[in-house]
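Please take these sequences and the hints and turn them into a complete structure.
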Amino acid sequence: MTTEAVDAGRRGNRRERGAIRRALRGALRSWRGRIGLVMALAVLALAFLGPLVAPHAATDFVALPSSPRGPGYPLGSDGLGQDVLSRVLLGGRKLLLLAVLSTGLALVLGTLIGVTAAYRRGWAETALMRGVDVLLAFPQLVFVLLVVSVLGTPTWLLVLTVAIAQAPQIARVVHAGAQDICERDFVQAVALWGVPPRQVIARHVLPSLSTPLAVEAGLRLGFSIVIISGLNFLGFGVQPGTPSWGVMINENRLGMASNPWGVVAPALVLAILAIGTNLFTDAFARAAFGEDRADDTVIGSGMGATP
Amino acid sequence: MSTLGAVAPATTGLRVSGLTVVGKSRRTPIVEDVAFELRPGQVLGMVGESGSGKSTVAVALLGLARRGLQIAAGEVRIDERDVLALPPGQLREARGSLISYVPQDPGAGLNPGHRVGWQLREALTVHRGVLPAGQSVDDRVLEVLAEVGLPADPELLGRYPHQLSGGQQQRVAIAMAFAARPRVIVLDEPTTGLDVTTQRRVLDTVRELTARHQVMSVYISHDLAVVAQIADRVAVMYAGRLAEIGPAAQLFADPRHPYTAGLIAAAPSAVRATTLEGIEGRPPRPGAWPAGCGFADRCHRVQPDCRATLPELVTVGAGQEARCFHPVERGTFKIADRPAAPQVPDRGTVLEVRNLVAHYGAREVLHEVDIDLRAGRCTAVVGESGSGKTTLARCLVGLHDRWHGSVTFEDVAIGPRPKDRSTELRRQIQYVFQNPYASLNPRMSVGQNIEEPLRHFTRLDRRARRDRVESVLSEVALSTAYADRMPDQLSGGERQRVAVGRALTVEPEVLVCDEITSALDVSVQALLVEQLRRLQHERGLSLLFITHNLAVVRSLAQDVVVLEGGRVVEHGPVETVLSDPSHSYTQKLLADLPDLGRTEAVAS
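Sequence lines, in order, name chains A and B.
Going by our numbering, the first sequence wraps up at 307, each residue one higher than the last.
Going by our numbering, the second sequence wraps up at 604, each residue one higher than the last.
Please note that a few of the clues may not be correct.
[To be verified] Here are some chain A residues pointing at chain B (derived, C-beta under 8 angstroms):
1) TRP156
2) ALA191
3) TRP193
4) HIS204
These are computed hints drawn from the structure, not numbers from a lab.
The beta carbon of each residue, even a glycine, is placed where N, CA and C say it ideally should be.
Given below as structure tokens:
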């Protein structure tokens, strides 16, 4: 049955419209994609359903500081005697929401820049893409740290900064794709009728970029999670006492000897999430573009910029 | 002409039998049971439209198959030696010395990293014993260069392939193929992409070398006229099988398979303006071949038995065989029966171009071009590649804005860019692109693609737009069911018709067509040409038709403008210019043009 479906896809007479759906189906047929999806979904479920089942409140005192695991506190307690399990269950939701928000914003910014540059060409393209190059020269985390340490850490600024740090990569990918599309005759044909650029881009250029954009979204989401939890680890963007995976890793380092779970549990959850999203995105890209190009897209553009 | 059908198994000659190529994974037949014979000094022309399997046959003759394919059965006997049965080492030895190959793209056939002389010498030194005693490699290189009409000087041998013109590259490739004096040479569309003059020279060279060295040449082409000019025998491929095979003159004068007859009827003639007859539909894809005749769905002579069983090749004349149960009756095919193209009255100028000068960067590519496009008529702009004809079209529609001079549409001046023009002007002049595979948005259905200009130019509601789409589809002879298909489900010809339809939705006065038939097979080209002719007569549409194909010009256009090097060298009514060209360039273009009509005259 599987081979039949693959062949049907290869025959190429299926509708182009379903490119994303087809890539998703392809990703779900590969073990890489299945494992990645299960990992990511497990952590998502934990972060969003966790608060409903957490046995204690985040700041409840349940045991002596840094106690190893015991009855009522299966992962032990942290340096303030709070329940590690409950804090892991409670500490993911805000992180994930911020990551999704900043990724979404980054996608909008990056796409706007990339597609405008490709469509306008001339000086606008030069200005926009050289700006992107300058931003790309900064390592993402360094850039974010610079901004938050100068301007402070209100949540909106955090989201905006992470988005700006991610946007250049997206702009690059979109620009490369859009350059090709804008040259195609069907885009030229529409432009000849005098259709305004905004409409040409929205109706004819962007839909053709949906697949690389979907890959980029998955990839950037993984990085956003890593950056934001990294910031939290360094003490930016969270109020003291609020549970957050990044903060927990930092707080509980001192008690590692007596209760390693205080560090291991949040670190494990973060790792599973980051690896899971990456695996799934990779499988999706492979299904969408074929093996060779997927390597360029995901591994090539991603790893160099990993903070 | 020879009567090869009667020849008993000869000791010398090429004998191909039962050649079958299949897909590796599912064993889908791509080419099935191809068989033919050829005697020394003869050329077999193999014609077929894209996807007919002719290139697969070409490489299979050398024991090769494209990635994913394999040769499943068959024999390729050269002087009684079966090439396909040779062990790998000997097969490798045979390629180049016993059978050689000239690829379609000469640029791709030569190694860009080595000098031409080095490559020619290599063709002789990889195989031992190809040279007679006493002849050195360099002697032979100079000999073959002279044979293909290239100057045998060291300067040329020291050049790299990119320093040669396309025609020179192709002649070097042919020289390499002939260098080791193989018995069989396979030429896979070697003149596609060359202009007619160069093509003429390449054909003459192949013809002459084949005769002089008594080799057997298999010449693959989609162009009937080219094959008519070079071949002794012609094999017509359709959907992976031979449809008809026979002596060239006889086959073109008296085709018996309906497909062969259809192809000839679809080919325009450069000497007589006739209407054309296309073949609707498309060949079955590999894997979807019907149980019966592959041509049944497009054939107007189809009977129930055609669909039930696959016809065998049967002898229909002296040395002529056709795979058909109900062949065209002997001697009834008359190319001259085709009605002459109708006349069109002159109703004054609609688009006037004066002193148009265009630049690419610092280079001036069009020099003071004057053109009058007359209302309701078709003006063809012809010239070879690089003559500036496409640039001219792009200037007129607003794709190329680096020009000055005056262009007026119904006495209104036209600006260079789309935004310098009024909406009305942009509607009145529509453009159809050369490549039908790039001009439709692949993410939109055919209906949505056609609807797109309506959204911009009109305020029609959904229903009205849908009605318009349906009427346009019927105008380009596509059923309304096409509205919901996606472009990638259509053939090249169907896509091009959709592109024409899209241009017509807003009822323009002028249609600028840039080489719109050059990517199409002849049977499909004929359909498109006839549609344009109908639009011209029924709607009074004025056409500016850019092309390099003089035969199409003769069939469709009323006026013609000949461009050479960005200059108009001759213009006037098609009758006058093509029948009695005054400029040497036009004369040369016409003289070198292969034409089916001429062969017909020779045969009768």
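query = Holds or violated: is the Cβ of A/TRP193 closer than 8 angstroms to a Cβ in chain B?
reply = holds, 5 angstroms
query: Holds or violated: is the Cβ of A/TRP156 closer than 8 angstroms to a Cβ in chain B?
result: violated, 36 angstroms
Closest C-beta approach of A/HIS204 to chain B relative to 8 angstroms, hint status | With a minimum Cβ separation of about 6 angstroms from chain B (threshold 8 angstroms), the hint on A/HIS204 holds.
| task | With chain B as the partner, please determine if A/ALA191 meets the hint condition of a C-beta pair closer than 8 angstroms. | result | holds, 7 angstroms
In summary, the structure is inconsistent with hint 1 from the numbered list given earlier, while agreeing with all the others.
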